[in-house]
Amino acid sequence: ALCTKASGGSLQKAALKPGAPSPLDKTVWDLTLEEVDSKSIRGPLSIEEVERRVGKLWIAARRFPIKQGAKVRPIDDFSACLVNKAFGVKEKISLKSVDSVVCYARAWANSLDDAGAMRVTDTTGTVWQTMLSEDWHGKVNWTDLHGRVADLKSAYKQLPAHPAHACFGLIAVKDPVANEVRLFETLSLMFGQTAAVYAFLRFSRALSALALKLLWLVSVEFFDDFIQVEPAATAKDAQEKMESLLTLLGWQIASDPEKRKPFADMFVALGVMISFESAKAGEIALAPKPGRVEGIREQMEMIIQKGDMDFKE
Numbered sequence: 001a002l003c004t005k006a007s008g009g010s011l012q013k014a015a016l017k018p019g020a021p022s023p024l025d026k027t028v029w030d031l032t033l034e035e036v037d038s039k040s041i042r043g044p045l046s047i048e049e050v051e052r053r054v055g056k057l058w059i060a061a062r063r064f065p066i067k068q069g070a071k072v073r074p075i076d077d078f079s080a081c082l083v084n085k086a087f088g089v090k091e092k093i094s095l096k097s098v099d100s101v102v103c104y105a106r107a108w109a110n111s112l113d114d115a116g117a118m119r120v121t122d123t124t125g126t127v128w129q130t131m132l133s134e135d136w137h138g139k140v141n142w143t144d145l146h147g148r149v150a151d152l153k154s155a156y157k158q159l160p161a162h163p164a165h166a167c168f169g170l171i172a173v174k175d176p177v178a179n180e181v182r183l184f185e186t187l188s189l190m191f192g193q194t195a196a197v198y199a200f201l202r203f204s205r206a207l208s209a210l211a212l213k214l215l216w217l218v219s220v221e222f223f224d225d226f227i228q229v230e231p232a233a234t235a236k237d238a239q240e241k242m243e244s245l246l247t248l249l250g251w252q253i254a255s256d257p258e259k260r261k262p263f264a265d266m267f268v269a270l271g272v273m274i275s276f277e278s279a280k281a282g283e284i285a286l287a288p289k290p291g292r293v294e295g296i297r298e299q300m301e302m303i304i305q306k307g308d309m310d311f312k313e
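Numbered according to the numbering used here, the sequence shown spans residues 1 to 313.
Because the hints were derived from the structure by calculation, they are not lab data. Treat the hints with caution; some may be incorrect.
Label pairs and their in silico Cβ distance ranges [as the list claims (entries may be wrong)]:
| no. | residue 1 | residue 2 | range |
| --- | --- | --- | --- |
| 1 | Asp114 | Val72 | 29 to 39 Å |
| 2 | Pro290 | Glu243 | 34 to 44 Å |
| 3 | Pro163 | Leu95 | 42 to 52 Å |
Listed below are the simulated BS3-like cross-link pairs for lysine-lysine, each with C-alpha atoms no more than 25 Å apart in a straight line [to be verified]:
| no. | residue 1 | residue 2 |
| --- | --- | --- |
| 4 | Lys71 | Lys312 |
| 5 | Lys289 | Lys96 |
| 6 | Lys96 | Lys56 |
| 7 | Lys67 | Lys39 |
| 8 | Lys67 | Lys92 |
Computed from a predicted model, the values in this text were never measured in an experiment. Glycine included, every Cβ here is placed at the ideal spot set by N, Cα and C.
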């Protein structure tokens with residue numbers, strides 16, 4: 001069906017038609033050229049160049065921007081060009097979450113008995129028990145929990161697309177100067193592809209499993225975020241191990257100081273402030289991350305002034 005649509009030219013003509021001018025056109029174009037420099041896409045390409053590379057039955061997804069605060073993220077509409085409709089799945093994604101972090105931390109905080117033994121019962125009812133080394137100096141150190149997030153840089157762009165799918169992996173971006181649409185060949189997984197989500201999550205779960213099996217690290221993966229839980233005494237070592245594992249396997253880690261933060265007893269993960277300050281007493285506190293309440297308040301004031309709400313609001 002996709003090939004029939006492409007050969008008829010309807011999808012190709014739709015992709016090549018410039019949309020209405022937008023103040024974000026230049027931003028999207030500049031971000032696209034940055035991806036060319038990073039070698040996650042190739043272009044711009046003429047129609048003749050595209051057809052020499054992938055044949056005449058090509059399909060291109062139009063690129064559009066979304067604003068996330070001050071940040072602009074380019075999204076490729078693989079739904080409008082019907083590529084996402086060609087993907088089907090029978091498996092349901094099982095994502096971990098803040099709940100998983102809390103459950104692991106709570107089990108850890110409550111694992112030590114008066115005799116100095118660490119005891120945890122897993123979801124199958126199996127009891128795991130061992131005496132703690134004297135190096136832990138009793139209950140205080142073992143349950144002095146800290147957390148952090150290891151974040152991958154442009155995670156989707158680090159996984160290559162299959163060469164056989166090249167004719168379905170083109171994107172169309174408007175050149176704001178020429179007011180014409182240019183074509184680019186994608187070389188990696190792209191935001192906007194349904195299949196990319198499933199493909200990437202297999203990798204992130206595998207990375208978390210390797211960290212556990214090989215290095216005994218407790219981490220909760222959520223897409224490209226890996227939330228680590230560790231006692232303060234071994235926190236620095238745990239960060240070095242996680243980052244070394246990811247680097248050894250060829251992954252790039254976000255190095256921005258705002259993202260690459262050390263372990264702390266209070267940290268932000270998945271949009272939530274998590275506090276282990278009272279973990280030794282068996283308490284874990286959750287709160288909105290800084291700025292979240294203010295952002296909601298501003299949004300509500302705008303809605304009140306406007307007098308109505310759209311579907312997304």
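Hints, verified against the model:
1. Range check, Asp114 to Val72: about 56 Å between beta-carbon atoms, so the 29 to 39 Å window is missed.
2. Checked against the hint of 34 to 44 Å, the pair Pro290 and Glu243 fails, with Cβ atoms roughly 25 Å apart.
3. The hinted window of 42 to 52 Å between Pro163 and Leu95 is violated, with their beta carbons roughly 30 Å apart.
4. Distance restraint check for Lys71 and Lys312: the Cα-Cα separation of roughly 19 Å lies within the 25 Å cut-off, and the hinted pair is therefore satisfied.
5. As the CA atoms of Lys289 and Lys96 are separated by approximately 19 Å, the hinted pair is consistent with the 25 Å bound.
6. For the suggested pair Lys96 and Lys56, the alpha carbons sit about 42 Å apart, so the restraint of at most 25 Å is broken.
7. This hinted pair checks out: Lys67 and Lys39 have alpha carbons roughly 24 Å apart, not beyond 25 Å.
8. Proposed proximity of Lys67 and Lys92 is contradicted: the alpha carbons are some 29 Å apart, above 25 Å.
Comparing the model with each earlier hint shows violations of hints 1, 2, 3, 6, 8; every other hint is respected.
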